[in-house]
Every structure is written in C-alpha cells, then in structure tokens.
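Undergrad: Protein chains in written order, with the working numbering: chain R, 1 to 417; chain D, 1 to 182; chain B, 1 to 340.
Derived by calculation from the structure, the hints in this document are not laboratory data. Any given hint might turn out to be false.
One side of the interface only, derived from the structure: several residues of chain B facing chain R at Cβ under 7 Å [said to hold, decoys possible]:
hint	residue
1	9
2	10
3	71
4	99
5	105
6	110
7	143
8	185
No residue lacks a Cβ here, since even glycine has one placed at the ideal position from N, Cα and C.
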Amino acid sequence: MLDQIEGSRAVARTVAACRPQVIPAYPISPQTHIVEALAEMVAAGELAPARYVTAESEFGALSLAIGASAAGSRTYTATASQGLLFMAEALYNAAGLGLPIVMTVANRAIGAPINIWNDHSDAMSQRDSGWIQLYARDNQHAADLHVLAFRLAEQLSIPVMVCMDGFVLTHAVERVDVPEPSQVDAYLPAYAPRQVLDPAHPYSIGAMVGPEAFTEVKYLAHQHMAAAESALPVLAGELGTILGRDVPGLLAPYRMFGAETVVVVQGSAWGTLADTVDTVRASGSPVGALGLVAYRPFPLQAFRQALAHARRVVVVERAFSLGGGGIVSAELRAALPPGVDLHTAICGLGGRPVTTATLRTLIEQAEAGRLAALSFPDLNTGVIDRELARLREGGHHGPSAENVLRHLHHLTLEGSR
Amino acid sequence: MYSVRLHGRGGQGIVTTAELLAVAVFGEGGHAQAFPTFGSERTGAPVAAYCRIGSVPIRTHEPIDAPDALIVADATLFDQLDVLAGLRPDGLVIVDGTTCPTALAGRVGVGLVPASIIARRLIGRPVPGTALLGAFAARSGRVGLPALVAAIHDRFPAAVAKANAAAAREAYDQVLAEVAHA
Amino acid sequence: MTTVERTRFYQVGSWAAGNRLLDPAQASVQADPGRANAITSGHRACQGCGEALAARWVLDTALRVTGGNLVVVNATGCLEVFSTPYPESSWQVAWLHSLFGNAPAVAGGVAAALSAQGRDDVRVVAQAGDGGTVDIGMGCLSGMFERGDDVLFVCYDNGGYMNTGIQRSAATPAYARTATTPIAGTATGNRSGQGKDMARIAMAHRIPYVATATVADLRDLETKVRTAMGLRGARYLHVLVPCPLGWGTPSCDTLRIARLATQCGLFPVFEAVDGVVTAVTPIRHRADVREYLKAQGRYRHLFEPRPRTDLIEAIEAQARRTIDEFGLLAADQTEEARTP
Chain R
1 MLDQIEGSRA
11 VARTVAACRP
21 QVIPAYPISP
31 QTHIVEALAE
41 MVAAGELAPA
51 RYVTAESEFG
61 ALSLAIGASA
71 AGSRTYTATA
81 SQGLLFMAEA
91 LYNAAGLGLP
101 IVMTVANRAI
111 GAPINIWNDH
121 SDAMSQRDSG
131 WIQLYARDNQ
141 HAADLHVLAF
151 RLAEQLSIPV
161 MVCMDGFVLT
171 HAVERVDVPE
181 PSQVDAYLPA
191 YAPRQVLDPA
201 HPYSIGAMVG
211 PEAFTEVKYL
221 AHQHMAAAES
231 ALPVLAGELG
241 TILGRDVPGL
251 LAPYRMFGAE
261 TVVVVQGSAW
271 GTLADTVDTV
281 RASGSPVGAL
291 GLVAYRPFPL
301 QAFRQALAHA
311 RRVVVVERAF
321 SLGGGGIVSA
331 ELRAALPPGV
341 DLHTAICGLG
351 GRPVTTATLR
361 TLIEQAEAGR
371 LAALSFPDLN
381 TGVIDRELAR
391 LREGGHHGPS
401 AENVLRHLHH
411 LTLEGSR
Chain D
1 MYSVRLHGRG
11 GQGIVTTAEL
21 LAVAVFGEGG
31 HAQAFPTFGS
41 ERTGAPVAAY
51 CRIGSVPIRT
61 HEPIDAPDAL
71 IVADATLFDQ
81 LDVLAGLRPD
91 GLVIVDGTTC
101 PTALAGRVGV
111 GLVPASIIAR
121 RLIGRPVPGT
131 ALLGAFAARS
141 GRVGLPALVA
151 AIHDRFPAAV
161 AKANAAAARE
171 AYDQVLAEVA
181 HA
Chain B
1 MTTVERTRFY
11 QVGSWAAGNR
21 LLDPAQASVQ
31 ADPGRANAIT
41 SGHRACQGCG
51 EALAARWVLD
61 TALRVTGGNL
71 VVVNATGCLE
81 VFSTPYPESS
91 WQVAWLHSLF
101 GNAPAVAGGV
111 AAALSAQGRD
121 DVRVVAQAGD
131 GGTVDIGMGC
141 LSGMFERGDD
151 VLFVCYDNGG
161 YMNTGIQRSA
171 ATPAYARTAT
181 TPIAGTATGN
191 RSGQGKDMAR
201 IAMAHRIPYV
211 ATATVADLRD
221 LETKVRTAMG
231 LRGARYLHVL
241 VPCPLGWGTP
251 SCDTLRIARL
261 ATQCGLFPVF
271 EAVDGVVTAV
281 TPIRHRADVR
291 EYLKAQGRYR
301 HLFEPRPRTD
311 LIEAIEAQAR
321 RTIDEFGLLA
331 ADQTEEARTP
C-alpha cells in the first residue's frame with residue numbers, strides 16, 4: 001500500500017508481511033525503530049503465532065536466531081555497527097550452518113571513535129562471513145529487498161543481510177509502496193528447511209570438521225554464493241513483476257547508455273548521484289551511475305557487462321581498509337578491461353553526507369584526468385595538514401580524535417549535522 | 001523542489017512536525033521527504049528537521065543546506081545558533097511568537113504567529129508544531145489546510161487530533177487575514 | 001500376629017545397577033536395555049570422564065520423560081568435541097553445536113521456534129561445561145534465566161577449561177593448579193576466592209528449579225532431571241563431574257572423588273524452587289577435606305614439598321561455611337562440624 005512512511009516502519013511492515021515466526025531483538029541506533037515497530041505488531045497480535053524475544057545482547061540476538069532457524073522457523077533480526085561486530089562469531093556460525101536468517105543492518109560507522117552515523121564500515125567488515133549483502137538505494141528498495149532476501153536465503157540456505165543507510169534511510173519519511181501480504185504470499189513460499197532439529201529424524205549439526213574436509217566445505221559455500229549471483233536477477237525480476245516495479249538485485253544502473261565515465265556507489269547516495277548525473281548529462285558529458293546492490297556475492301559478471309565500454313570508473317566508497325585502501329574498487333578491478341582508469345574516492349564516512357557538489361567535482365576531475373587513483377574528496381585538509389605537521393615535529397601519538405581537537409576550534413556544530 | 005528546515009528544541013515535536021508536512025504533501029499527491037537531525041538529542045537541546053516538497057519523485061539524500069523556508073518553534077534559538085544559515089535571501093521564515101526577533105529585522109517573508117499560545121489554549125500544551133504548519137500553509141501555499149488536517153488526524157488519536165487541527169486552522173486563518181491586510 | 005522376616009541379600013550391588021525388586025516406575029532409566037542411549041559408544045572421552053557419564057544419564061532421562069521429543073543444544077567444549085569426531089557422531093538425539101558462549105541463547109531460540117510452531121511437546125536441553133556456563137556463557141545464560149526461556153540448562157562442572165588443556169575458569173576451586181594458574185615461584189595456584197556460585201546466581205533469577213548433583217549419586221541426578229523436565233520455564237542443573245586428567249586423579253576414582261567432594265562439605269547437593277532452597281542432601285559420612293585434596297594431583301603443591309597448612313585451612317573454612325549455610329550435617333553430627 002502506498003504510504004508516506006518512515007523507512008524503519010516500512011521495513012518492519014514488510015518483514016511482518018513475510019511472517020517470521022521468531023524475532024529476536026536487541027536495540028542499537030539507528031535500527032531501533034524497526035524492532036520497536038515489530039514489537040508493537042507482535043503485542044497487538046498481528047503476527048501471531050510469532051515469538052518476539054528480547055535478547056540480552058546482539059550476540060544473544062543472533063544466537064537466538066540461529067536456534068530458531070535450526071529448529072525450522074523463519075527468523076529475522078536487525079542490528080548495526082557495534083552490534084554487528086558483537087555478533088561476529090555468530091555471523092560466521094549462521095552462514096557455516098546454512099541457516100536462512102534475514103537481518104537488516106542499518107549501516108553505521110564503527111568506533112573508536114564512537115560514531116552513530118551512517119557509513120558502510122560495519123557490513124563491509126563482515127564481508128567474509130558468508131552472508132549475502134544487499135544494499136538499498138532508497139526506502140522502497142529497502143522494503144522490497146527484504147522480501148527478496150527471505151526467498152533467496154531459503155532457496156540457497158545462505159543468510160542475507162539487507163543493508164540500509166542508518167538514519168539517512170531508516171529515519172527518513174519517504175513515499176513507499178509497502179508490499180502487501182498477498183503480494184508476499186504470491187512470491188514467498190512457506191519455509192521448508194533442508195536440515196532441521198527434529199526428534200523424529202535426529203542428527204547432529206555443527207560437528208568439528210578437520211583438515212581433511214574443511215577446504216571442501218568452504219569451497220562449496222563459495223560455490224553457493226556464486227549461485228546467488230545468477231539467482232538474484234531472476235528472483236528480483238520475479239518479485240518486480242508481482243510488485244509492478246523495478247527491484248534491482250545485483251546492480252542499479254542509471255543512464256549508463258554511452259557512459260564514458262561511470263560512478264559506482266552503494267546505498268542511499270544512489271539518488272544523489274542520479275540527480276548529479278542528470279545535471280552533468282545536461283551539460284553534455286556522457287556520465288552514468290551504477291548502484292551496487294549485491295556486494296556479496298560480488299557481481300563480477302554483471303560489472304564486466306555494465307562497464308564494457310567505460311573509459312573511467314569512479315568508485316565512491318563509504319568505508320575503507322585502514323592501511324590498505326578501497327574495498328569495493330579492489331574487487332571491481334577484476335571486472336575492468338585493460339586501459340580503463342579506476343579511481344577510488346573515500347568519502348561519506350561517519351555520517352558526513354555524500355553531496356552533489358562532491359560528486360560533481362569527482363566527475364569533472366575524472367574527466368579532466370586530474371583525479372588521483374585514491375582520494376578523500378571531502379577531507380578537511382586544513383585540519384589534517386596541521387595535525388601531520390604537529391606529529392612531524394615530534395608531537396605525541398595516541399588517539400587522533402583527541403589530538404585533532406586543538407585544530408578544530410573553528411568547526412561549527414550547527415543543528416543540521 | 002522546495003525545501004524547508006524546521007528548528008526547535010527537543011521535546012517540542014519538531015520531527016513529528018516535519019513528518020506531518022510530508023504526509024500532508026503526500027496526501028495531495030505531491031512528493032515529499034522528511035528527515036530529522038540525526039543524533040542523540042536531549043530534551044531542550046536545539047534540534048532541526050527537514051522536509052523536501054516536490055512534484056516529481058525525490059531521489060537525493062543529501063542534507064538541505066540552502067532551504068527555501070524556515071519554521072522556527074522557539075525564537076530563543078536565534079541567539080544560540082545561526083538559524084538563518086543557508087536560507088535564500090527572500091526565503092520565508094515562520095516563527096513562533098508575537099514580537100519579531102531582532103535577527104529577522106528588515107527581512108521580507110517573515111510570518112510571526114503565536115503558535116505556542118494557540119497550542120496552549122486549544123491543545124493544553126505549548127506544542128507549536130501544528131499551528132506553525134497552519135501558518136506555513138497559509139503563507140507559502142505549498143500545502144493545503146485540508147491535507148494538513150487529514151495528516152493530523154492520521155497521526156494522532158481523535159481528541160488530540162481535533163485539538164491540533166483546530167490549532168492549525170486558527171493559525172492558518174490568522175496568517176491569511178494578515179496577508180490579506182498587508 | 002504377623003512377623004516381618006528380614007531377608008538378607010548376599011550379593012550387594014552398586015548403587016547404580018538396576019534393582020529388579022523395585023517398582024519399574026522407580027527403576028533407573030539406565031536399567032532398561034531399551035533406553036535411548038543418547039550418547040552411544042564410540043565417543044572419544046578420556047577414560048573415567050565424569051562429563052560423559054553425566055551427559056548419558058541426563059539425556060537418557062530427559063528422553064524417557066519426553067518420550068523422545070527432545071532437542072539438545074551443546075556448547076563448545078570437551079563434550080561436543082569428543083562426541084562428534086567428523087564424520088561420526090555418537091549422539092542419538094537431535095543435536096546442535098553452535099558456539100562456545102551462546103548455548104543458552106541458541107536453546108532459547110529453539111524453544112521459541114518450537115513454541116511458535118505449536119510443538120510444545122518437544123522440549124529443549126542445553127548443556128555446557130563450566131567455562132561455557134560461568135564465564136563466556138554467563139551473559140547469555142542470565143538472559144535465558146531472566147526471560148524464562150523454556151530450557152533446562154545443564155552445566156557439567158569439572159572446574160576448568162579441560163578441552164583446551166586445563167586452564168582455569170571462574171568455577172576452578174581455590175588454590176587448584178591449572179595451566180594458567182601454575183605453581184611457580186611463590187604462586188599457589190588459583191586465587192583464593194570462592195569463584196562464581198552459579199547455582200545461587202541461578203536462584204537469584206528466581207527460576208522455577210535449580211539443583212546441584214554429582215556423578216557420585218547418579219540416581220539423585222536422574223531424579224533431579226525428571227523433576228526439572230516436569231516443569232516449564234528456565235531450569236538449571238549444576239553437576240560436579242571430576243576430570244581425571246585435569247584433577248590428577250586415577251580414571252577409576254571419578255565417582256569416589258565426586259563423593260568425597262560432597263562428603264567433605266565443599267560441594268553442596270541441594271534443590272531450590274523459585275529461588276529458595278527446598279531440599280538438601282545431608283552428608284552421610286563426613287569426610288576430611290584433606291583426604292579429598294590429597295587424592296588430586298592438582299592440589300599436590302598444598303602438601304609437597306611442605307604442607308601449606310594455611311591454604312588447606314582456608315579450604316577447610318570454605319567447607320565449614322558451606323556446611324553451615326546449607327545445613328549439610330544432621331544435628332547429632334554438629335559436634336564433628338566444629339572439629340574438621
């Protein structure tokens with residue numbers, strides 16, 4: 001039903017339409033509105049016979065989900081940032097056990113320094129866990145992706161995290177056509193687990209596997225992930241037909257026809273980028289936008305096709321590997337034909353917004369051949385230069401957040417940030 | 001596209017006010033996007049919320065740095081922060097109060113409305129949001145009063161909705177009358 | 001007038017073997033050749049492992065009470081490792097190993113799922129060693145208790161992280177030698193505190209049933225499992241299970257050592273309902289704390305090269321306190337209580 005609704009609430013209503021049987025919940029900003037909305041629905045009896053379980057930590061929440069899923073119930077939970085890390089052990093466990101849990105990650109930065117605002121470092125830090133990762137470009141997409149997620153997870157026995165930018169999407173009140181239960185029912189069959197804890201057919205799940213078989217188990221998991229790359233467009237297409245709208249599953253292209261410069265983004269910056277592309281195209285530059293929806297499995301084939309005629313690619317990343325560099329761009333490189341310039345632009349960290357101004361500058365610099373391979377386009381270089389100079393002169397190290405305070409006396413904290 | 005920034009203090013219902021505006025615009029078939037300051041506000045601390053209004057789907061998710069209008073629920077904020085930052089020179093400012101704040105002296109496009117006083121009388125608490133929206137609707141023409149009232153009824157339980165709708169209507173009528181006499 | 005003739009039985013069996021004069025309803029599950037045998041032969045526990053013995057009794061009983069409708073969640077540890085040498089498994093019950101610290105939460109999730117599916121007839125038992133219970137599993141366990149998840153949680157307490165090479169846990173008793181509380185220099189082994197009294201922590205949550213037991217009285221353990229499985233909500237069983245390797249005791253001495261632990265007063269055997277102690281197993285034949293300590297290699301440093309009377313007396317004081325707090329000695333034995 002078409003509504004003007006907070007992103008969190010749209011997700012909660014969509015998840016409810018998928019009829020999970022067990023919902024463990026632990027609060028953390030900025031996902032709390034999702035689990036709160038689900039608590040209201042369960043309390044009001046709208047989700048009977050679902051059980052809502054208040055966990056004592058995120059580790060507890062995902063552990064509850066593991067037990068519930070292993071016992072044959074469709075299971076859902078949500079987290080972000082520190083919470084995702086706190087359940088890291090369980091993430092790998094759930095994936096290794098092939099449990100089709102669906103979890104919303106309201107993308108938020110990871111401390112220290114503690115930061116409650118949006119970037120992608122949380123989910124990216126768990127990229128090797130064996131979970132499928134899907135990134136929503138707006139709240140409509142976020143809602144739709146949850147339906148897709150349950151279907152995909154249960155079909156492939158792989159858990160799925162649906163990532164939506166914390167605050168920017170979770171707390172934005174946007175126009176969303178919330179999927180109806182009848183639409184979900186037409187798409188999502190009842191959960192039929194492949195392997196379940198059943199006294200009638202007892203067997204042991206979770207045994208220790210030694211060197212003689214571990215590699216094979218992991219390789220097979222990798223193959224199942226690869227199967228997701230071909231399953232995603234099919235399942236997304238099927239869902240799109242039922243819902244009557246486009247549901248991007250791997251990539252979300254915008255004005256890619258004839259694009260010589262392509263900008264790749266994940267998450268909510270897609271919309272901002274689309275507006276920027278319109279502006280730049282209007283002045284004659286052949287620019288295109290590519291939203292990365294599925295980060296895991298990494299859609300190498302889809303990228304190869306989409307970027308076949310690009311001359312330069314700018315990957316905007318809202319997370320990076322300290323001491324390494326860009327994460328997505330490093331994986332994207334394999335998809336590029338030789339001779340194509342690849343630029344990594346790290347920005348939008350810790351809630352700093354990705355703006356049309358930043359994107360326009362990136363595009364202009366890339367076209368002019370002035371964009372470095374790795375750049376931090378929204379960096380406050382004044383503060384950085386002063387701090388680096390201080391360190392060179394023998395200033396003590398220690399936590400940078402506290403060190404730069406002396407250089408930040410003129411940074412205003414207006415109510416808008 | 002038309003963008004509004006709302007200023008207030010934690011506890012005044014600024015976030016809800018922005019949402020009501022978005023829902024009202026949606027109710028008229030328009031496109032809107034409302035979002036709050038993101039953070040862990042405390043009661044009484046300055047907060048801001050935002051609303052974009054348009055006739056085509058709104059895709060961008062960047063902040064609103066250059067609003068077309070401001071709605072200010074607490075005039076003391078002018079002394080505390082640069083409320084007017086980014087506002088276009090002829091931008092509209094709807095302020096709760098009876099005397100024009102010095103920061104707004106000489107500006108065109110200022111709409112003064114005793115929203116808290118109206119609210120205290122009709123709602124029983126000085127929550128100025130819905131009255132401010134009524135004033136905004138009258139002054140800007142960006143959203144109609146019926147849609148505002150519908151959004152209010154959608155959001156609040158019956159008795160509270162009725163009181164808030166009355167506050168919105170009174171502020172709307174008052175501002176409309178002032179504009180007519182101007 | 002009828003006279004009662006007392007029959008003298010010439011063959012006096014152990015306390016574990018089935019008594020064929022008993023009402024079958026009172027017979028041990030283990031006396032039934034048709035028992036479930038939840039953990040069957042072929043597992044790779046050490047000879048004399050207290051935990052393997054306890055797990056068999058606990059789960060066979062639970063399977064009997066539930067008619068086979070049981071799901072078991074097992075934390076990482078000796079029990080999980082020696083029972084599932086991939087690709088084999090010695091479990092004949094629906095069984096899930098998740099992680100080290102989350103057995104209570106995983107079990108809670110299983111219970112929630114079964115309830116949501118309308119399968120309240122299927123019950124859940126979670127089991128872990130002392131490390132997985134009092135240390136790394138504590139947060140999840142307290143959460144399970146507080147929520148009242150319908151799970152029986154069983155802690156097999158051998159006083160240390162045995163699977164990883166005998167390291168101390170919060171359940172390791174005072175002055176015991178472990179690999180992380182070694183005897184070197186002036187060190188005297190594990191610190192002198194009392195460790196986490198997990199049974200009383202469980203009682204503080206006011207859950208329906210808490211009980212302690214040991215492998216020295218397996219019928220008692222079985223009875224307590226029956227009682228626990230007859231209840232709903234969060235329940236906790238704390239079972240003392242000597243580890244020959246970690247304790248430095250002969251494999252054949254496991255039951256004897258467990259009995260000494262209860263009879264010298266260091267390990268109280270009791271039941272509690274809704275947070276209040278309701279039954280206590282009194283000490284039958286009071287044993288000397290020294291006899292208990294001397295039997296274990298992990299306490300050798302208390303006797304060699306010279307007796308550490310101060311440390312031994314501290315342990316004796318702990319035993320006296322436990323005896324007093326739980327009333328473990330009958331009134332006519334209290335004279336003895338003053339003279340250990």
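Undergrad: Confirm or reject each hint.
TA: Status of the hints after comparison with the structure:
1. The closest approach between the C-beta of residue 9 of chain B and any C-beta of chain R is roughly 40 Å, which is over the 7 Å cut-off, so the hint fails.
2. A least Cβ separation of about 43 Å between residue 10 of chain B and chain R goes past the 7 Å threshold, and the interface hint is therefore violated.
3. Residue-level restraint check for residue 71 of chain B holds (minimum Cβ-Cβ distance to chain R is 5 Å; threshold 7 Å).
4. Because the smallest distance between the Cβ of residue 99 of chain B and any Cβ of chain R comes to about 6 Å, under 7 Å, the interface hint for this residue holds.
5. Hint on residue 105 of chain B holds. Least Cβ distance to chain R is approximately 3 Å, under the 7 Å limit.
6. Because the beta carbon of residue 110 of chain B sits about 4 Å from the nearest beta carbon in chain R, less than 7 Å, this interface hint is met.
7. Checking residue 143 of chain B against chain R by beta carbon gives a least distance of about 3 Å; that is within 7 Å, so the hint holds.
8. Of the supplied interface hints, the one on residue 185 of chain B is violated, with its beta-carbon coming no nearer than about 35 Å to a beta-carbon of chain R, more than 7 Å.
Consistency with the previously given hints fails for numbers 1, 2, 8, ordered from lowest to highest.
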